[in-house]
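Chemist: With the hints as extra help, turn the sequences into a complete structure.
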Amino acid sequence: MADASPARGARVTYDFVTRAIARTLGHPGKGYFALLGSAVALLAVGIGCLLMLLRYGLGLAGYSHPVYWAVYITCFVFWVGIAHSGTLISAILFLFRSGWRTAVYRTAEAMTVFAVMTAGLFPLIHIGRQWYFYWLIPYPNERGLWPNFKSPLIWDEFAIGTYFTVSTVFLIMGLIPDIAAVRDVATGWRKKLYAITSLGWRGTNEQWRHYSRGYLYLAALATPLVLSVHSVVSWDFAMAIVPGWHATIFAPYFVAGAIYSGVAMVITLLVPIRKFFHLEELITVHHFENLAKLCLLTGMIVGYAYCVEFFTAWFGGHPAERAAFWYRAFGPFWWASWTMIICNAFLPQLLWFKPIRTNILGLFVISIFVNIGMWFERYVIIVVSLAGEPYERFTNATYNPTWADWGIMAGSFGWFFMWFLLFVKNFPAVSISEVKEVLPAPQRGRGVHA
Amino acid sequence: MKLENPLAAIFHPPPTPGVLGVFGHLDATVDAIGKLRQGGHTDFTVYSPIPRHEIEDALDQPVSPVRMFTLIGGIAGCAVGAWITLYMSYDWPIVLGGKPVGSIPPYVVIMFEMTILFGALSTILGILFNALFAARRLGTVAYDPRFTNDKFGIFVPCEPARAGPVEALLRGSGAEEVRRA
Numbered sequence: 000m001a002d003a004s005p006a007r008g009a010r011v012t013y014d015f016v017t018r019a020i021a022r023t024l025g026h027p028g029k030g031y032f033a034l035l036g037s038a039v040a041l042l043a044v045g046i047g048c049l050l051m052l053l054r055y056g057l058g059l060a061g062y063s064h065p066v067y068w069a070v071y072i073t074c075f076v077f078w079v080g081i082a083h084s085g086t087l088i089s090a091i092l093f094l095f096r097s098g099w100r101t102a103v104y105r106t107a108e109a110m111t112v113f114a115v116m117t118a119g120l121f122p123l124i125h126i127g128r129q130w131y132f133y134w135l136i137p138y139p140n141e142r143g144l145w146p147n148f149k150s151p152l153i154w155d156e157f158a159i160g161t162y163f164t165v166s167t168v169f170l171i172m173g174l175i176p177d178i179a180a181v182r183d184v185a186t187g188w189r190k191k192l193y194a195i196t197s198l199g200w201r202g203t204n205e206q207w208r209h210y211s212r213g214y215l216y217l218a219a220l221a222t223p224l225v226l227s228v229h230s231v232v233s234w235d236f237a238m239a240i241v242p243g244w245h246a247t248i249f250a251p252y253f254v255a256g257a258i259y260s261g262v263a264m265v266i267t268l269l270v271p272i273r274k275f276f277h278l279e280e281l282i283t284v285h286h287f288e289n290l291a292k293l294c295l296l297t298g299m300i301v302g303y304a305y306c307v308e309f310f311t312a313w314f315g316g317h318p319a320e321r322a323a324f325w326y327r328a329f330g331p332f333w334w335a336s337w338t339m340i341i342c343n344a345f346l347p348q349l350l351w352f353k354p355i356r357t358n359i360l361g362l363f364v365i366s367i368f369v370n371i372g373m374w375f376e377r378y379v380i381i382v383v384s385l386a387g388e389p390y391e392r393f394t395n396a397t398y399n400p401t402w403a404d405w406g407i408m409a410g411s412f413g414w415f416f417m418w419f420l421l422f423v424k425n426f427p428a429v430s431i432s433e434v435k436e437v438l439p440a441p442q443r444g445r446g447v448h449a
Numbered sequence: 000m001k002l003e004n005p006l007a008a009i010f011h012p013p014p015t016p017g018v019l020g021v022f023g024h025l026d027a028t029v030d031a032i033g034k035l036r037q038g039g040h041t042d043f044t045v046y047s048p049i050p051r052h053e054i055e056d057a058l059d060q061p062v063s064p065v066r067m068f069t070l071i072g073g074i075a076g077c078a079v080g081a082w083i084t085l086y087m088s089y090d091w092p093i094v095l096g097g098k099p100v101g102s103i104p105p106y107v108v109i110m111f112e113m114t115i116l117f118g119a120l121s122t123i124l125g126i127l128f129n130a131l132f133a134a135r136r137l138g139t140v141a142y143d144p145r146f147t148n149d150k151f152g153i154f155v156p157c158e159p160a161r162a163g164p165v166e167a168l169l170r171g172s173g174a175e176e177v178r179r180a
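Residue numbers (numbering that gives the first Met the number 0), protein chains in the order written: chain D, 0 to 449; chain L, 0 to 180.
In case anyone wonders, no lab produced these hints; they're calculated from the structure.
One or more hints might be untrue.
[What the hints assert, rightly or not] Computed beta-carbon distance windows for the label pairs:
hint, chain 1, residue 1, chain 2, residue 2, range
1, L, Gly-101, D, Gln-348, 44 to 52 angstroms
2, D, Tyr-55, L, Pro-64, 38 to 46 angstroms
3, D, His-64, L, Lys-98, 22 to 30 angstroms
4, D, Tyr-55, L, Ala-78, 57 to 65 angstroms
[Claimed, not checked] Here are the computed lysine to aspartate or glutamate pairs in the EDC-like style, where the Cα-Cα straight-line distance is at most 20 angstroms:
hint, chain 1, residue 1, chain 2, residue 2
5, D, Lys-190, L, Asp-149
6, D, Lys-424, D, Glu-280
7, D, Lys-190, L, Asp-143
8, D, Lys-149, L, Asp-90
9, D, Lys-190, D, Asp-14
10, L, Lys-34, L, Glu-158
11, L, Lys-34, L, Glu-55
12, D, Lys-191, L, Asp-143
13, L, Lys-34, L, Glu-175
14, D, Lys-353, D, Glu-288
15, L, Lys-34, L, Glu-53
16, D, Lys-424, D, Glu-279
These numbers were taken from a predicted model, which means no experiment stands behind them.
Here a beta-carbon is modelled for each residue, glycine too, at the ideal position from N, C-alpha and C.
Modeler: Structure representation (structure tokens):
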């Protein structure tokens with residue numbers, strides 16, 4: 000698991016890593032509280048809108064026939080997508096023995112857990128009678144009827160539930176040795192907190208023996224899981240016969256898009272964390288460049304999927320399918336479709352150039368555009384396909400999101416960032432033991448000292 | 000007469016007597032492990048801030064039994080997934096979309112997710128069970144907070160009378176610090 004990064008200086012020793020990461024748990028400064036305050040304020044806006052929605056019902060959302068899946072489902076798919084790169088980086092790249100993942104995987108994994116927590120709220124908001132959310136749990140109703148396991152919505156519930164559980168235990172597992180490391184340098188109440196949460200970790204040979212094996216199997220289980228979850232999400236659409244949804248390419252297309260948006264979000268989050276917590280020597284340009292390459296790869300797959308969708312609609316020759324895609328590109332929602340295509344397919348082509356891949360500010364800007372583009376991708380797939388429904392020619396299909404939609408969406412960002420900021424402040428946001436693993440071990444013979 | 004809390008023996012067991020060596024270098028630690036094994040010591044504890052294959056190889060431990068937990072959990076999850084979908088379908092049979100009441104292809108999705116869920120959770124249980132089982136003496140064994148930072152350590156349990164040669168062995172292999180516990 001050697002890290003090919005040449006950028007880390009000789010100053011980066013085991014002790015340096017522990018100190019640098021333990022320092023992120025110290026007093027965070029005003030900037031941090033300003034960000035946390037903004038996140039909580041956004042969340043308050045979202046909660047206010049949600050309470051109004053609960054009081055007055057789904058009429059406050061902009062639904063109009065035939066658009067009954069709109070911003071909430073868009074946000075659901077967006078946040079589930081964001082969640083995907085975390086497990087990609089922590090599990091798939093772990094199995095591939097990519098040394099560079101060690102510096103960024105903890106952030107990505109925490110992002111995964113909080114993004115799934117955010118995504119999980121939206122189906123509950125969307126269902127209308129939110130207080131009956133527990134009907135999703137498979138138990139028979141008062142007439143002894145069970146859930147319909149042939150419905151992709153039930154598959155989705157199982158997939159998201161499993162994904163949330165597994166990514167949470169994976170995050171906690173990885174944290175245990177690092178919490179022990181900060182426990183041993185912390186003082187005061189933090190030492191007590193970390194003493195409890197490290198579950199007695201001391202790094203003995205027996206502990207590492209079971210831990211390393213278990214981690215390997217968790218990674219091996221999480222790898223097919225991450226591919227399955229967004230496939231199942233895509234089947235929510237692909238199993239229906241709506242033109243624009245009913246396509247066999249949906250599963251790989253959604254998985255690539257999910258990883259693409261997730262990697263972009265990792266870049267968006269890592270740039271400020273690296274700056275605020277002075278982690279420049281641990282998270283180097285080399286790591287950002289590798290993330291940018293992942294973005295480029297998945298962005299190319301997404302661009303290819305856009306082409307295939309349009310090509311199939313034309314080549315298949317079905318009038319409804321052709322009409323749906325004509326409507327998508329040149330109908331009243333043309334601006335959403337072209338935002339998606341420009342942000343997701345054209346903009347990342349800039350990443351072919353090394354000066355852009357190694358420019359942190361440039362990457363940050365591109366990653367934000369990718370996030371916007373990926374949100375619009377889901378908006379286009381969901382809203383525009385429904386609004387342009389060619390079997391519904393005589394309906395008045397103008398859809399506009401309302402303040403309740405925008406407010407709840409803003410609240411979801413507040414909810415996500417609040418959890419994320421609390422996490423990076425209170426737990427090691429960069430893996431201590433795994434960053435050490437890719438450093439040269441202190442050896443008597445070679446004169447490398449800890 | 001002095002009254003003793005009977006739980007004290009469980010929660011605050013007396014420390015295990017022995018020798019603790021603190022090492023600054025990986026190769027010195029591996030060296031010491033080899034010499035200890037040659038000298039017939041088997042129940043010593045090695046501390047390291049990161050898992051290293053060199054230490055694993057020197058200790059020559061069997062593969063962790065956690066894999067059996069994963070396997071059994073995964074198979075059980077798959078079976079549970081098959082059982083809930085099929086049982087719930089036939090408990091109140093309704094034909095949906097012209098498909099058989101118990102139709103396997105859509106249920107594969109549930110079976111797959113349950114395989115992963117049960118497999119992952121039983122892996123965690125396996126790690127906890129094995130690590131706790133291995134740790135039953137942990138609270139009594141000497142430890143140094145530097146072991147999670149940048150030092151390696153070896154604790155060799157032995158009677159004070161026989162600690163001399165062990166101390167010499169640890170020092171001889173390059174321990175930076177050796178102390179009796």
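Chemist: A separate judgement is required for each hint: does it hold in the structure or not?
Modeler: A quick look at each hint next to the structure:
In this structure the supplied range 44 to 52 angstroms holds for Gly-101(L) paired with Gln-348(D), their Cβ-Cβ distance being about 49 angstroms. In this structure the hint that Tyr-55(D) and Pro-64(L) lie 38 to 46 angstroms apart at CB is violated, the actual value being about 57 angstroms. Checking the proposed 22 to 30 angstroms range against His-64(D) and Lys-98(L) shows it holds: the Cβ atoms sit about 29 angstroms from each other. Look at Tyr-55(D) against Ala-78(L): about 46 angstroms separates their beta carbons, and that is not inside 57 to 65 angstroms.
Restraint check for Lys-190(D) and Asp-149(L): satisfied, since their Cα atoms lie roughly 19 angstroms apart, inside the 20 angstroms limit. Of the supplied pair hints, the one linking Lys-424(D) and Glu-280(D) holds, its CA atoms being roughly 19 angstroms apart against a limit of 20 angstroms. At roughly 15 angstroms between alpha-carbon atoms, Lys-190(D) and Asp-143(L) fall within 20 angstroms of each other, so this suggested pair holds. In summary, the hint linking Lys-149(D) to Asp-90(L) is supported, as the alpha carbons are separated by about 15 angstroms, within the 20 angstroms threshold.
For the given pair, Lys-190(D) sits about 18 angstroms from Asp-14(D) by alpha-carbon distance, which is consistent with the 20 angstroms threshold. Proximity of Lys-34(L) to Glu-158(L) is assessed by CA-CA distance (about 19 angstroms); at most 20 angstroms being required, the pair is judged to hold. A threshold of 20 angstroms between alpha carbons decides the hint, and for Lys-34(L) with Glu-55(L) the separation of about 15 angstroms falls inside it, so the pair holds. Proximity of Lys-191(D) to Asp-143(L) is assessed by CA-CA distance (about 17 angstroms); at most 20 angstroms being required, the pair is judged to hold.
Distance hint between Lys-34(L) and Glu-175(L) is fulfilled; the C-alpha atoms sit about 17 angstroms from each other, no more than 20 angstroms. Simply put, Lys-353(D) and Glu-288(D) have alpha-carbon atoms about 8 angstroms apart, close enough for the 20 angstroms limit, and the pair holds. Taken as a hint, the Lys-34(L) and Glu-53(L) pair is honoured in the structure, with Cα atoms around 14 angstroms apart against an allowance of 20 angstroms. Distance hint between Lys-424(D) and Glu-279(D) is fulfilled; the C-alpha atoms sit about 17 angstroms from each other, no more than 20 angstroms.
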